[in-house]
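A.B. asks: What follows is each chain in one-letter form.
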Amino acid sequence: MDLGWYLVVSALIFCIGAGGVLTRRNPLVILLCLELMLNAANLALIAFSRMHGNADGQIFALIVMVVAACEVAVGLGLIVAIFRRKLPIDVDELKELQG
Amino acid sequence: MSAVIFFIAAIGALAGAIGVVALRNPFYSVLALVEHLISLSALFLLLRAEFLAAAQVIVYAGAVTVLYVFVVSYVGDGTVPLGPGGARLRNVAMLFVGMLFVELCIALLGSGLQAIDGKGAPYVPGFGSPEAIGEALLTKFLFPFELASLLLLVAAVGAVMLARRRQGGTTLDDVPYDATRYITPRSLFSGTMAEAVGALKPPIEEPTKPRPEAPVPAPTRGPSPVSDTSEHSQED
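Keeping their order, the protein sequence lines are chains A and B.
Quick note on this note's numbering: the first sequence kicks off at 1488 and runs consecutively.
Quick note on this note's numbering: the second sequence kicks off at 6 and runs consecutively.
For the record, the hints were derived by calculation from the structure and aren't laboratory data.
Owing to the predicted nature of the structure, the values given are computational and were not obtained by experimental measurement.
All C-beta atoms in this analysis are idealised placements derived from N, C-alpha and C, irrespective of residue type, glycine included.
Hints are supplied without guarantee of correctness; some may be wrong.
[Stated by the list, open to error] Listed next, with one range per pair, are the computed distances between beta-carbon atoms:
{"#": "1", "chain 1": "B", "residue 1": "Q119", "chain 2": "A", "residue 2": "V1551", "range": "33 to 39 Å"}
{"#": "2", "chain 1": "B", "residue 1": "E140", "chain 2": "A", "residue 2": "W1492", "range": "26 to 32 Å"}
{"#": "3", "chain 1": "A", "residue 1": "D1579", "chain 2": "B", "residue 2": "M104", "range": "19 to 25 Å"}
{"#": "4", "chain 1": "A", "residue 1": "P1575", "chain 2": "B", "residue 2": "P127", "range": "40 to 46 Å"}
{"#": "5", "chain 1": "B", "residue 1": "K145", "chain 2": "A", "residue 2": "P1575", "range": "16 to 22 Å"}
{"#": "6", "chain 1": "A", "residue 1": "W1492", "chain 2": "B", "residue 2": "M166", "range": "40 to 46 Å"}
{"#": "7", "chain 1": "B", "residue 1": "R169", "chain 2": "A", "residue 2": "P1575", "range": "18 to 24 Å"}
{"#": "8", "chain 1": "A", "residue 1": "W1492", "chain 2": "B", "residue 2": "L156", "range": "31 to 37 Å"}
[As the list claims (entries may be wrong)] Far from chain A by the CB rule (all over 10 Å, computed), these chain B residues:
{"#": "9", "residue": "D122"}
{"#": "10", "residue": "A126"}
{"#": "11", "residue": "P130"}
Bound-form chain A, shown alone (with noise of 0.2 Å):
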């Protein structure tokens, strides 16, 4: 296959996770959503990583993957710790920080 394929795949799941991220408002499926682009942004470095034969696209998707599951750490413990404060769960209602 041509590796322009990829980069079309990866645009489109791109797209699916921005569009996903601006409209549900359950904080939970908007972290899904953000590991979709996460993911999206891994397939476009692999595909590139193989047009150039250079294995350093594949290093820098690894260290993506680390810092997507990072952030899934912080993230799920967020949304526990909006839980136990019986705040709603919704990112519509917690907007107190937006000034």
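Based on these hints, arrange chain B on the given structure of chain A.
C.D. replies: Using the frame of chain A, we list chain B on its own:
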């Protein structure tokens, strides 16, 4: 052959991504994410990234989604209805996403890179294998590797600090636990864990009178055939 696998995996990945966004129940969204990640690891394998495909399945589809499932089952699967609104800006969001896709396609496919239309560099054996990745991580990319481990440590400590029990303020830990507040009622005695620990009340039974046919151990010998046989055995 690789084209067939590519299209199957790409359709699977896109369907999983749409499922994550479109499904109402967060639990099903997590399951759609698992399907998406496994399809994506097939794409990684087609791109000769063997180690990353394995890490994707193990780390993401294995560990991270288990974390998600735990938090979804702790927070609740959308049983608390969200407030009204949100549909007003949905069209704007869709327009933005469409513009983003067009822009990404222009940026990727119109970049004038010659190699995009090809199959990539000639394959060298060992490209993307665990040996190559490990050697690169420990020689050329040693500093990002150590920084990543530090980041993981900070994230783990931070998650524990965020989700711990706090002093002061009323949290859920201060009110006595009432299982019926969090567990959606379903038919009793259907094998839920709450019944096993005795948190749910048993159903109200009608007052039962003691059954007359209950086998009462009678000390006195009666004329029943069972006692007859016992008498015979004793007399013999």
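A.B. asks: Now look at each hint and say whether the structure bears it out.
C.D. replies: Here is what the structure says about each hint:
| no. | hint | verdict |
| --- | --- | --- |
| 1 | B/Q119 to A/V1551: 33 to 39 Å | violated (26 Å) |
| 2 | B/E140 to A/W1492: 26 to 32 Å | holds (30 Å) |
| 3 | A/D1579 to B/M104: 19 to 25 Å | holds (24 Å) |
| 4 | A/P1575 to B/P127: 40 to 46 Å | violated (56 Å) |
| 5 | B/K145 to A/P1575: 16 to 22 Å | violated (48 Å) |
| 6 | A/W1492 to B/M166: 40 to 46 Å | holds (44 Å) |
| 7 | B/R169 to A/P1575: 18 to 24 Å | holds (21 Å) |
| 8 | A/W1492 to B/L156: 31 to 37 Å | holds (33 Å) |
| 9 | D122 | violated (6 Å) |
| 10 | A126 | violated (3 Å) |
| 11 | P130 | holds (12 Å) |
The earlier numbered hints that this structure contradicts are 1, 4, 5, 9, 10.
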